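Given next are the chains, with one letter for each unit.
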Amino acid sequence: MASALINVPGKAKRGEIIEIKTLMSHIMETGFRHTVTGEPIPRNIITSFSCHYNGVEIFRADLFPAIAANPFISFSTVATESGTFDFHWIGDRGFSESASASITVE
Amino acid sequence: MSESTDSTRRRFLAVAGSTAIISVAPIFTANPANATSESLAAAIREVVGGEVIHAGKVKLDVPPLVENGNTVPITISVANPMTDADYVKSIHVFNEKNPQPNVGNFYLGARAGRAQVSTRIRLADTQKIVAIARLSDGSLWSASADVVVTLAACTEEAS
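In order, the protein sequence lines correspond to chains Z and V. Heads up, the first sequence stops at 121 in the working numbering, and the numbers go up one at a time, no gaps. Heads up, the second sequence stops at 185 in the working numbering, and the numbers go up one at a time, no gaps.
It is worth saying that the hints were derived from the structure and are not from the lab. Every value quoted in this text rests on a predicted model; they were computed, and no experiment measured them. Yeah, the Cβ is synthetic: ideal placement off N, Cα and C, and Gly gets one too. Honestly, I wouldn't trust all of these hints.
[Claimed, not checked] Ranges between beta-carbon positions, derived for each pair:
no., chain 1, residue 1, chain 2, residue 2, range
1, Z, 20, V, 101, 15 to 25 Å
2, V, 93, Z, 30, 35 to 45 Å
3, V, 112, Z, 31, 19 to 29 Å
4, V, 163, Z, 72, 39 to 49 Å
5, V, 90, Z, 38, 16 to 26 Å
6, Z, 54, V, 82, 43 to 53 Å
7, V, 174, Z, 30, 33 to 43 Å
8, V, 63, Z, 97, 46 to 56 Å
9, V, 174, Z, 26, 37 to 47 Å
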């Protein structure tokens, strides 16, 4: 159901600054909307995102209802060694998804 | 850059002594604690504490006019080196008129190489956005931007 899009360069030179782009499909229901009958729609958002590079956390974010649906987050890191990036999204109603990407550093 | 600073100073001197000093724009944006919205100021205090927030270093890239408030691209960058001794620890984004003033908190470190984060946000109204960066020495820097929104997010009813 939930699906992630990750964009990490497959190869990089040692010491190069690389850009990482992530997108997770999620409704990000704000909790501030109502149905036509006036019932409030409960909040259902991703609250936390993190990225680990070979097990070390390099980026983390707290998300709020003001983040658009299908949260897109882009950040950068220095390519230090070959390995994997692990991404985790945690949210309301027990939402928990992860994805990973590998990089070769020369 | 220096030219605009100079002209600001000239303007400042021109109005010095009058009661208009408070309304000079750079002073207003330099101090988010003076923000028009109390909830915005409260949210900033809660996240970054009551310390002094300097204007500058932070660059907030957001379209000045957006048609659809449901997804507004935003990029925050901080003009600061990213070395082990001196780096940007976190970037915090706030808004003035959404139901909740927080937008996001982004935690980075020296390993980021470049202090820049992009995301997409929702805006329920034409309003001001504030970004605050915390450096490794604990100092706080901020920038703000005004965005005009024609179609607001959050207000329509779900079908």
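Hint by hint, here is what the structure shows:
1. Between residue 20 of chain Z and residue 101 of chain V the CB atoms are about 18 Å apart, so this pair conforms to the stated range of 15 to 25 Å.
2. Between residue 93 of chain V and residue 30 of chain Z the Cβ separation comes to about 41 Å, which falls inside the hinted range of 35 to 45 Å.
3. Judged by the Cβ atoms, the range 19 to 29 Å given for residue 112 of chain V and residue 31 of chain Z holds: they are separated by roughly 21 Å.
4. Take residue 163 of chain V and residue 72 of chain Z: their Cβ atoms lie about 21 Å apart, and the range 39 to 49 Å is violated.
5. Take residue 90 of chain V and residue 38 of chain Z: their Cβ atoms lie about 25 Å apart, and the range 16 to 26 Å holds.
6. Taking 43 to 53 Å as the suggested C-beta distance range, the pair residue 54 of chain Z and residue 82 of chain V conforms, at roughly 46 Å.
7. Checked against the given bound of 33 to 43 Å, the beta carbons of residue 174 of chain V and residue 30 of chain Z, roughly 42 Å apart, stay inside it.
8. For residue 63 of chain V and residue 97 of chain Z, the Cβ-Cβ distance of about 48 Å falls inside the hinted range of 46 to 56 Å, so the restraint holds.
9. Between residue 174 of chain V and residue 26 of chain Z the beta carbon distance is about 42 Å. The supplied range of 37 to 47 Å therefore holds.
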